[in-house]
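Here's the letter readout for the chains.
There are 2 protein chains.
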Amino acid sequence: MPLQDHQRDSNGEAEIYELGENGSIIDTQSCTPEYTKRYVDGSTIDWFYEDFKEQEREESQRSLRGARGILVPFFDSMRMWLVVVGTGIGIGLIGAWLDVLVKWLSDLRVGRCTVGFFYNSVSCCSGLKPGECMEWQSWSEYLEVKHIFAESFLQISIYVSLAIALAGSSAILVKIYAPYAFHTGIPEIKAILRGYVLDAFLTPWTLLIKAIGLALSVSSGLSLGKEGPLIHVACCLTFLLTSFFKQFERSEGQKRKLLAASAAAGVSVAFGSPLGGVIFILEELDSFANDSDVMWRGFVASAIAAVVLQYMDPFGTSKLVLFQVTNNSDTWRAFELVPWLALGVIGGVLGSLLIKLNVQVALYRRNTFLNDWPVLEVVGASAITAAISYLVVFTRVQSSELVANLFQECKPLKVDYHGLCNPTANAENIFLLVITALLKIAFTAWTFGIMVPAGIFLPTITIGACLGRAVGILTQTTQTAYAGTWIFQSCPPEPTVRCVSPGFYAVIGASAMLAGVTRMTVSLVVIMFELTGALSHVLPIMISVMTAKWVGDALGKDGIYTVWIAMRGYPWLAPVDYHDQGESAAGIMKPVDELVLIEDGQCTVGELDDMIKTHQYQGFPIVEQRRLVGYITRDTLKCHIGRHLSSESRLGRCSFSNRNHNGDAIDFSDGLEKSILHLRKETPQELIVRIFQRTNFREILFTDRGYLVGLVTKKDIVALLTMHFPHTGSLS
Amino acid sequence: MPLQDHQRDSNGEAEIYELGENGSIIDTQSCTPEYTKRYVDGSTIDWFYEDFKEQEREESQRSLRGARGILVPFFDSMRMWLVVVGTGIGIGLIGAWLDVLVKWLSDLRVGRCTVGFFYNSVSCCSGLKPGECMEWQSWSEYLEVKHIFAESFLQISIYVSLAIALAGSSAILVKIYAPYAFHTGIPEIKAILRGYVLDAFLTPWTLLIKAIGLALSVSSGLSLGKEGPLIHVACCLTFLLTSFFKQFERSEGQKRKLLAASAAAGVSVAFGSPLGGVIFILEELDSFANDSDVMWRGFVASAIAAVVLQYMDPFGTSKLVLFQVTNNSDTWRAFELVPWLALGVIGGVLGSLLIKLNVQVALYRRNTFLNDWPVLEVVGASAITAAISYLVVFTRVQSSELVANLFQECKPLKVDYHGLCNPTANAENIFLLVITALLKIAFTAWTFGIMVPAGIFLPTITIGACLGRAVGILTQTTQTAYAGTWIFQSCPPEPTVRCVSPGFYAVIGASAMLAGVTRMTVSLVVIMFELTGALSHVLPIMISVMTAKWVGDALGKDGIYTVWIAMRGYPWLAPVDYHDQGESAAGIMKPVDELVLIEDGQCTVGELDDMIKTHQYQGFPIVEQRRLVGYITRDTLKCHIGRHLSSESRLGRCSFSNRNHNGDAIDFSDGLEKSILHLRKETPQELIVRIFQRTNFREILFTDRGYLVGLVTKKDIVALLTMHFPHTGSLS
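So the sequence lines, in the order shown, correspond to chains A and B.
The UniProt record's numbering numbers the first residue of the first sequence as 1 and each following residue consecutively.
The UniProt record's numbering numbers the first residue of the second sequence as 1 and each following residue consecutively.
Hints in this document: simulated from the structure, not taken from any laboratory.
A quick note: this is a predicted structure, and the numbers were derived from the prediction, not measured.
There could be a bad hint or two in this list.
Note that identical chains are pooled: a pair holds if it fits in a single copy or bridges any two copies.
[To be verified] Straight-line distance between alpha carbons at most 35 Å, and here's what the computed DSBU-like set of lysine-lysine pairs gives:
(1) LYS681 - LYS246
(2) LYS674 - LYS715
(3) LYS257 - LYS715
(4) LYS590 - LYS674
(5) LYS53 - LYS557
(6) LYS557 - LYS146
(7) LYS557 - LYS674
(8) LYS557 - LYS246
(9) LYS414 - LYS557
(10) LYS714 - LYS613
(11) LYS714 - LYS411
(12) LYS146 - LYS257
(13) LYS681 - LYS613
(14) LYS53 - LYS175
(15) LYS246 - LYS411
(16) LYS53 - LYS714
(17) LYS175 - LYS411
(18) LYS590 - LYS414
(19) LYS715 - LYS414
(20) LYS590 - LYS246
(21) LYS246 - LYS414
(22) LYS715 - LYS557
(23) LYS146 - LYS681
(24) LYS175 - LYS674
(25) LYS246 - LYS356
(26) LYS681 - LYS714
Looking at chain A on its own, in the form it has when it is part of the complex (with noise of 0.2 Å):
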């Protein structure tokens, strides 16, 4: 029978049995663990409710007979099936969408194509050769504005209020419609795919929000990208896609398995990487790494994703490599592993300076008067954004053509792009491309946490390219100066031969950057070389990556995600090797004499109802004169006590084992919980981390021949993996 939903008692806490009608409580059905689940925002899933529901659902479809017995289980796969597939069609015609707008937009930011309102820089101009074009004008241009000075006023003016236009509507999008749109969304999509409930932050006005806020950020010149929010407006177009469906009402763990998927058609289509995607849930969402079905699906959305992307073709490119890299066949020489170390070390560490210097200035946003004005900050950080940025030319271009530039190697016939290809002009270039980095990081580092959609892979990427490029070209000038000597003498005699690629470079510098910031490893390697199509020089790409994040492992343990998921409180356990000092469970558990016990036998309906209103704990041991019984959590609890709750019965006893203590005992014994967990104190704590880590058990149990001891939850588990970080929980 349905439950009645989301009534909420006085503890605010959804109540679970329905009221006839003069108000008194009718039983409804059985209380057993299965049955007393109800999920709230902040609350966690218990996996084996989950997979307790799914096995009932799979029997109840065995047991059918004839053609019903083929039908219904075929159609509830169909279904599943079409939940990936929506997912993918729509996020590759979301991604392609998302492009083509963002590209007009900033193109609006510098001037107008008289041909029509709508054509960016790059459609206004087909078929014309670079240079010749006349239908795309500045608006300094468009506007008969001749006098010089004017000129250029005008030029800044339109860009940075262009920029405040964009940034600011984003920000007031966000606050009004939908709080949960704001960031990245990496955290939060962690999170619940390891059980933590916030269906807020899925909703369809989610989705809609933070799909235009993101076109809009983007275009306003801000220090951020789209790859985080593309990952979570791919998870909240897979909820929506299930709450058409009555099969997935509340199946929270097969959800979950399908944002997994989604996830991963999220990476596909940010990157244009489908294999990227899969990879990422394979290194980051390890918790469904066992799982083939949901890989299954993961390769179905991103390569679907991806297909759909190719085939919308946002920049006439039919391509989906998005930074092409020259097709060199250089291969590369012993002494440039020099440079490669150092950028790999450069990335190490001024990632980790990112990560610190973006906690702190969320720590300022949080604990001063910027709290309460979040559209007034964007609106200050995207005007200095954009007037700083006017004056770097490095700066002042979109930053993903700025990095399929740096990408690119300097030839002959191609047209040079801001100087950069300059011959004589080296030291500026470098001397630009490195105020460009260190002016992004200050960028990136307020920005990425205000009130607007913002990805943080796109800055990154760009420091990155920036430093990379600045260090080729410190090489290739050193390489040529010093031609003859012995370190050079890999490269070919002849001055006009290129030996040193500096375009390579800055893929490198990228890669390591990247590593430094987010501390990913193998699905950054993918994503890269998906992105750049540089496969045959994936073993520097890995040199680089290793490097950077050795460094930065050892500055600062957590890289970006880690740290934000921390600041704001999540229950998430990091997937890490936790080396304990010899200590044993006794060190990290709640000791028997602190913890309320439920005694067999002995309570009494009306006790228990007291306890639970006094006492907000999960759960409850269930003890015999110390030795335990078993395990009874709250809302199995409450259903109990609901059944009871006249006033005849209030003073009856319960009994939680079979046995009888007397004869009017009411009988709980099947609201214990099927599977608990008792190991002896004396457990290292390595062990306790680790099957925390790898099992879905919410708490363990301590006993010592049959008494108990003590009791650990996942909570405290959470809170001794995060105790090195001292801001945990600040922004909850």
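With chain A held as given, fit chain B onto it using these hints.
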């Protein structure tokens, strides 16, 4: 104090106490579980014990003062990296050397170079255009045999007899010097990495014989490859290097972590795929997926191995990509999904067929006369393979050469490979390719399991490439014949422009076949496109792999390596999701009535001694009137018994709890296992399986309010998971 090693008692088990001068037993040290582990081949390591030893080691290092406190851990870690780097360099060198040797020996079966005996056909003719080379002569030319029949007869004779000689020597070497050097090695490596002990598998002799035998067997023309065996060789190398350092002497856990890294290096060299090596660890050897140290070392080892291989440049191409596909920027068309899905289905069906055939052949071999004449079987197999191969052109040439050419598109200026690009010979080519594939399926099913080092990747790739190319040619012919119809409308109208690329179909076929045989997914896709450089076509590869795995799983649950692990009876727990039918642990546990228990306070030392000699169990629960006190393993119990086995204390009562049963009780309480898991018997079976899969527990006890009700060991779960396979243990 060091314990004496490897004395065997009457049961064949290692004794663990020292003997004094007059033969009396000296109590050398405590008998806690941590000090009494002895591993013999066939046992499984205790991961908790290994972790404990690591911890002790780190603690003793932390307590050092001054310079020692810094240098000692530093040198420890240096030694570990030395092993990793040494393995990378070593396997890179071995891989390069192997390539050169195989090329030369294979060519020798066809002809020789007049310039010098040790030149292979490529280096003999270096610098000359193909077709102009007079220096490379077939044997009949060299021996100046003119008569046409004698010429052919001589060629075939030399071809077959050299094949027999090479394969036969390989088999003789393996049989006499290193019996564990036969077959692929991957099943054993997977079991060893999960904790199985099989030191005889990784001896220096095995390393030498496997490498030499591999070169001999590959060049003998048998249908096998070098990939799996190279992984075995890499692991042997690591084992050898660890034997030089005292630090690893008893560190079975540490050794396995290093072995995982060397497995990555082996994959890297086998396929020129450094990234594939690391993802191989992630996917196949999942016990270490959470261990970032292992991933690091895997990264480093495979990167170094790939660098060394590229530096050695065995083929003068300076490429890492072994089967470079022609870099075509052709996009693919929608109608091509039909033949690609067909190839996926074919790969799944034929892959399952190959596995089933291989199992039947292996059983036949074990149960008939072939079991006693392995060398004869090898000779026969190589003779038949060589003789039949000579008749079909595509089987006569070396597999790697065939695959490389099948992956290449036909170009006007390119040399036609045995008529493959002849447009009038399409039907003949399709026929020949299909015959080749079927022959190779038969050969491979027989060869994979004979007494020589043999891998299955390259034959599988060859089978798939042949079928793929056949389907590609068929599609191309169909498209050119019906060029105007609506299906093919996406093709350019000019008949001279190629629309369908059969070379890429060969890549798809190879991927599908590999997926059908090995059931690998993500690592396979990465390996395939690192192997071919076909990055822009990663989507079709993903689609065909998915389809093949799906079809293959529908026909038979296990891949080839899982099947061999089951047949050999290794205690390896497949990391698959197990779905029970609602059964609880009560269905698989051994009930308490059937267990051999120790009664706390009642047993005597003499009784324990008899019990150990009678029952071969790995451990015994200790109860006190059916209440569970704890659990003690066999080794620890033997240690305690050994300490008190003099005639006076034979009658002494043993006490496992700290309470004094009576004044004379001998205290055995420090022998209890610290980490014992208790669950209720209503726990679902799925959960039990998952706990064993994801943690390192070797047994779980079931209690009900403190009373022992049953026990289940990891072996029981292994049996449960392999229940569907009828031939488990048939080759052990």
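Here is how each hint holds up against the structure:
Taking the shortest alpha-carbon separations for LYS681 and LYS246, only the inter-copy value of 34 Å comes in at or below 35 Å, while the best intra-copy value is 45 Å. Taking CA atoms no more than 35 Å apart as the test, LYS674 paired with LYS715 passes in both settings, with 21 Å inside one copy and 24 Å between copies. Within a single copy, LYS257 and LYS715 get their C-alpha atoms as close as 23 Å, and across copies as close as 30 Å, so both meet the 35 Å cut-off. For the identical chains of this complex, LYS590 and LYS674 are neighbours both inside a copy (22 Å) and across copies (19 Å), given an alpha-carbon limit of 35 Å.
When the C-alpha separation of LYS53 and LYS557 is checked against a cutoff of 35 Å, the pair qualifies only between copies, where the shortest distance is 25 Å, while the shortest distance within a copy is 38 Å. For the identical chains of this complex, LYS557 and LYS146 are neighbours neither inside a copy (56 Å) nor across copies (76 Å), given an alpha-carbon limit of 35 Å. For a Cα distance limit of 35 Å, the shortest separation of LYS557 from LYS674 across copies, 31 Å, qualifies, whereas the shortest one inside one copy, 37 Å, does not. In this homomeric assembly, LYS557 and LYS246 come within 35 Å of each other (Cα to Cα) only across copies, at 31 Å, whereas the closest approach inside a single copy is 43 Å.
In this assembly of identical chains, the alpha carbons of LYS414 and LYS557 never lie at most 35 Å apart, being 43 Å within a copy and 55 Å across copies at closest. In this homomeric assembly, LYS714 and LYS613 come within 35 Å of each other (Cα to Cα) only inside a single copy, at 23 Å, whereas the closest approach across copies is 43 Å. Proximity of LYS714 to LYS411 under the C-alpha cut-off of 35 Å is found in neither arrangement, the shortest distances being 58 Å within a copy and 63 Å between copies. In this homomeric assembly, LYS146 and LYS257 never come within 35 Å of each other (Cα to Cα): the closest approach is 60 Å inside a single copy and 71 Å across copies.
Proximity of LYS681 to LYS613 under the C-alpha cut-off of 35 Å is found in both arrangements, the shortest distances being 30 Å within a copy and 32 Å between copies. With identical chains, the CA atoms of LYS53 and LYS175 are never at most 35 Å apart, being 38 Å at best within one copy and 55 Å at best between copies. Taking the shortest Cα distances, LYS246 and LYS411 never come within 35 Å of each other, neither inside one copy (59 Å) nor across copies (56 Å). For the homomeric pair LYS53 and LYS714, the shortest alpha-carbon distances inside one copy (22 Å) and between copies (27 Å) are both at most 35 Å.
Taking identical chains as interchangeable, the C-alpha atoms of LYS175 and LYS411 are never at most 35 Å apart, the minima being 48 Å within one chain and 60 Å between chains. Within a single copy, LYS590 and LYS414 get their C-alpha atoms no closer than 69 Å, and across copies no closer than 76 Å, so neither meets the 35 Å cut-off. Proximity of LYS715 and LYS414 under a CA criterion of 35 Å is satisfied in neither setting, with 58 Å inside one chain copy and 66 Å between copies. With identical chains, the CA atoms of LYS590 and LYS246 are never at most 35 Å apart, being 41 Å at best within one copy and 41 Å at best between copies.
In the homo-oligomer, the alpha carbons of LYS246 and LYS414 never lie at most 35 Å apart, since the shortest distance is 57 Å inside one protomer and 60 Å across protomers. For the homomeric pair LYS715 and LYS557, the shortest alpha-carbon distance inside one copy (20 Å) is at most 35 Å, but the shortest distance between copies (38 Å) is not. In the homo-oligomer, the alpha carbons of LYS146 and LYS681 never lie at most 35 Å apart, since the shortest distance is 82 Å inside one protomer and 87 Å across protomers. Neither within a single protomer nor between protomers do LYS175 and LYS674 lie at most 35 Å apart by alpha-carbon distance, with minima of 44 Å and 54 Å respectively.
For the identical chains of this complex, LYS246 and LYS356 are neighbours neither inside a copy (45 Å) nor across copies (42 Å), given an alpha-carbon limit of 35 Å. Proximity of LYS681 and LYS714 under a CA criterion of 35 Å is satisfied in both settings, with 16 Å inside one chain copy and 23 Å between copies.
Checked against the numbered hints given earlier, this structure breaks hints 6, 9, 11, 12, 14, 15, 17, 18, 19, 20, 21, 23, 24 and 25; the rest are met.
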